[in-house]
Amino acid sequence: MTARPGRTALIAGITGGAAGLLTGLALPEPPTGGLILHTVVAVLLGAGFGLLATRQNPADLLYWGLAYGAGWWLLGTLTLLPLLDGGPVAWTLPDARLRLPQLIGLLVYGMGTAAVLTAVHGGVLRGITPRRLLRGATAGLAAALLLIPLTDTMTGGILITTGIIAGLLYPTLFAGPALGSGPALVRGVPYGFLCWILAGLSLPALLDGAPGAHWTLAAAQAALPRLPAYLLLGAGIALVDNALRSLGRLLFADDIRRLRREGAGTRGVRALAYGALAGLTGGLLFTVVMVGIGVLDTVARLVGATSVWTGLLVHLLISQAIGVSYALLFHRRSYDLASGIGWGASYGFLWWILGGVTLFPILLGSTPKWDAAGLASAFPSLVGHLTYGAALGVVYHLLESRTNPWWLTRNTLQTARVTTEREQTLGSAPALWTLTVLIATTIPLLTTPPG
Amino acid sequence: MRRRTLPLWGGAAGLLGALPTGLLAMPESPLAWALLGGHGLVVGTAVGVMAGVRPRRPTTTITSGLLAGLLGWLILRLTLAPLTRGDLPDWSAADAGAAYPDLVAGLIHGGLTGVAFQLLTYRSAARRGEPSTRPEHPPAPRVVIVGGGFAGVEAARRFERLALRGRPVDVTLVSDSNYLLFTPMLAGVASGALEAQHIGAPIRAALTHTRFRRGTVDRIDPVRRNVRLTDGPAEPYDHLILALGAVPHFAGLPGVARHAFTLKSLQDAVRLRNHVLGLLEHADTAPPGARESLLTFVVAGGGFAGTELIAELFDLVHGVLHYYPGIHPGEPRFTLLHSGTEILPELPATLGSYAARKLGARGIDIRLSTRVTAAGPGNVHLSDGAELPTHTLVWTAGNRPHPLAAEHPVDATLRSTAHPGVWAVGDCARAPDPTGRPYPPTAQHALRQGRAVADNIDRVLAGRTPQPFRFHTIGILVALGHRTAVAEIRGHRFSGLAAWLLWRGTYLAKLPGLEKRLRVLIDWIIELAFPRDIAVTSAPPDLNLPGRSVTTWTPATPSSQDTVPHPVPRPETR
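One line per chain: the protein sequences are A and B, in this order. Each step along the first sequence adds one to the number in my numbering, with nothing skipped, and position 206 is 206. Each step along the second sequence adds one to the number in my numbering, with nothing skipped, and position 222 is 673.
Chain A extracted, bound-state conformation (with noise of 0.2 Å):
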């Protein structure tokens, strides 16, 4: 973003009070110290909030805004304010309960803030356009009724109807570059869990006038059957709607210049054969989780067999084929360990939630269960999942950067372009992968049983 931060952080530091109010509002609870207190808090946050935007792609503040929200919630609610209430910090699982409904205050705060940033700054309106309107909603549709099939939490009249609008959404929120298949699978998941808290939490307390009601724990974990759904369904709009885009460069861009520079052929089978190999080491990590939980014999089962052998062998052969589609929608997008990491954790992350509570209850003859008590069951899934995914993003970069050292550039030309497309990859990627460690510390939070 490359407006003043002075009038940034005042536009930023206007929105966030308004939006600090609002949400203080809507709290089911008066916020601590009252409401003028936390209306000039969420001021000062919000001017913050818009000095570090000044360093941002707009098309990429609504991610920060809601990692910024997350962060405030560890920090400033679990942390900060009991000690200034003179107490112990409120990191125990029964306290950071109670404090749920400020944690989707601070997310819809954050939201609201870097929404108005964006339309001020990155001409939201000037990026509707019809075609991407069309675009969008043929995504959504098209992600709603992918989703049909595996899913009884939500009935197909309402998953189409909110696949199109959240589609139509889309391309108008995000109208940067097009960023890869990956990364933009990536960035749909939150963007699931946005539209949850938007329509799964938001929109029926609205709708009631009382919105802090359905901010609770318990309204929370009444809504949570649909949050698979939600991240299913954010994941494949922006996977459709990556496809679309890159189908419509492909077939009518008359401008070679917006076409990728490298050929899909010139990734080769090496890249292919690395992604077995990373995906390979991953299994064999997530197989400790496996072998812990006595799950092998299921897995198994996908092929009708009951050996426990066999179930390993599944296991490694499906691994490896993860690792090989990493390899296909994450190629030459590691910059470092940290990008390495903080994709395959993602990767692994959308796969516990489409393979490890979809798909496999599914192969297995039987029906997700999605509810508190389904989740909170397949929670060693989860640990095992972003095990795997952090090893094969990482295994993936180590391999993938003894053939393609991007930081070894040849003049200063080379540098400049290579600058250009890491900033592109990485823009949001940070704030992306921050709400994925978000949602995944999440599930604990709504799955376990109160005790």
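Treat each hint with caution, since some may be false.
Here are the simulated distance ranges between beta carbons [unchecked claim]:
1) 14(A) to 570(B): 27 to 37 Å
2) 284(A) to 969(B): 26 to 36 Å
3) 365(A) to 655(B): 40 to 50 Å
4) 243(A) to 655(B): 29 to 39 Å
5) 455(B) to 44(A): 39 to 49 Å
6) 134(A) to 925(B): 15 to 25 Å
7) 484(B) to 309(A): 26 to 36 Å
8) 618(B) to 285(A): 51 to 61 Å
9) 249(A) to 655(B): 42 to 52 Å
10) 702(B) to 269(A): 40 to 50 Å
11) 570(B) to 412(A): 24 to 34 Å
12) 301(A) to 570(B): 51 to 61 Å
13) 681(B) to 243(A): 27 to 37 Å
Covered stretches of chain B, going by a simulated chain A footprint (3 or more residues, C-beta under 8 Å) [to be verified]:
14) 552-559
15) 608-618
Calculated from the model, a selection of chain A residues having no Cβ within reach of chain B, i.e. all distances over 10 Å [to be verified]:
16) 6
17) 34
18) 37
19) 54
20) 83
21) 141
22) 152
23) 158
24) 245
25) 269
26) 303
27) 336
28) 386
Just so you know, these hints were derived from the structure itself, not from any lab. We put the beta carbon where it would ideally sit given N, CA and C, even for glycine.
Given chain A's structure and the hints, the job is docking chain B onto it.
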């Protein structure tokens, strides 16, 4: 900031981050403080390892801390902690709920560690967010590689690998063509079986981190340590690698340099193909007196280049002859001249005899112990006194190291005996093997010499002693045209269809890049169903034939030596 020191800084940042986290969490015992410190050290070190030496944004570093905090919680708290208590971890949601305070502490600690790490490793370049090519090191040693054949490109590739291991070298590769020519398939281009570009891999695409300069070397100054090109500025070097290949050696035979074709480059191959097809066009309507010289094709040299070429020319002419109804299938004559007593002396005698039998059975005239003594515009004089009327003489009978490299004989380490900063590899080097004889000019040797010379220069730059080059030939494959070949791999002999399949499979796999392999494979598949293309893409040869108004014969291909001062040709490798 050195890469290897980053984990140390990360560890320090982790300890710094652990302090406020501990003050917030207030651990109850010294042991808990110690555990927190240990956790901080591990997570901080991980953050240091995750961070690259490239300039990074604070947001990325803080996120690294969060990710490390999450993974640390999963691995240390949910997995290892139960094990230390003697319990098996079950990673249940209930356990995760019980460990939730550690999760929040881990995330806050990770974020604080990221901030501390960013502050500790803060640099101006990071502030600007502008990576430079090699920001962490003084100017890297400059290596110039002259020649873009197997040895030169492989050396550059090896330097790219070494750079990844933290030993960067500033490499510039100079070549007069911007592609790596896959010489074993050159005869296939000359016979029209393969498209010319399909056996040339662009150097810029193959070496994405090496500077490339297309140009012709004019002079090497080993005293001032620079390479002068025919145009543009000189290239200074700390180490120079000569990978110039070999050039045809005509031994001063009258008219040969002027009238003989060579087969060293794609241009040579395309020119020869056009020439042969152009002669067929002429011969189709030529009067009887002129037809013999038009339809006689002579190759001098019975090594693998000459043997493969005569077989390919035979396939080309007879493969397209049905388009020329004026030429009787018995009219074209093919002659292979060889000064030795048997062709393919590089192979065991049985395989050489097999090849001679196969070629002879097709009607190819193999003349052993016979040399070319002179060549004219329409004939070739032989050492046995005979004269062959022909407009097509291809010279594969002699090569010598490129003149620029000939001034720099090398020892077993591939280093010049006269100038320590100069090295030579490939066909131009004539590097001695342990017995003192030069290594044969094959691609397999050139590739390994390229790697060896890069390693040796790396050793010298590190203050160590260069190592002698040692390699034993893996095998030799020679195609004999249609579905036939001979091969020797590690002492095992193959011939016929099996050897031909081995030839195609091996060289297809050796082609640089998947794209080129697919293109060549498609060429071969097309050849199964369609005849060769007879489009002549150059001006027709200007022949002095009876009944025609043309009066002079302009040779289609003078040797490139005659026109270019010091070209950087492709090596004679296969």
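We went through each hint and held it up to the structure:
no., hint, in the structure
1, 14(A) to 570(B): 27 to 37 Å, "31 Å, holds"
2, 284(A) to 969(B): 26 to 36 Å, "34 Å, holds"
3, 365(A) to 655(B): 40 to 50 Å, "55 Å, violated"
4, 243(A) to 655(B): 29 to 39 Å, "31 Å, holds"
5, 455(B) to 44(A): 39 to 49 Å, "41 Å, holds"
6, 134(A) to 925(B): 15 to 25 Å, "59 Å, violated"
7, 484(B) to 309(A): 26 to 36 Å, "46 Å, violated"
8, 618(B) to 285(A): 51 to 61 Å, "32 Å, violated"
9, 249(A) to 655(B): 42 to 52 Å, "25 Å, violated"
10, 702(B) to 269(A): 40 to 50 Å, "47 Å, holds"
11, 570(B) to 412(A): 24 to 34 Å, "29 Å, holds"
12, 301(A) to 570(B): 51 to 61 Å, "53 Å, holds"
13, 681(B) to 243(A): 27 to 37 Å, "50 Å, violated"
14, 552-559, "holds (count 6)"
15, 608-618, "holds (count 4)"
16, 6, "20 Å, holds"
17, 34, "25 Å, holds"
18, 37, "22 Å, holds"
19, 54, "13 Å, holds"
20, 83, "7 Å, violated"
21, 141, "33 Å, holds"
22, 152, "23 Å, holds"
23, 158, "28 Å, holds"
24, 245, "26 Å, holds"
25, 269, "6 Å, violated"
26, 303, "25 Å, holds"
27, 336, "3 Å, violated"
28, 386, "6 Å, violated"
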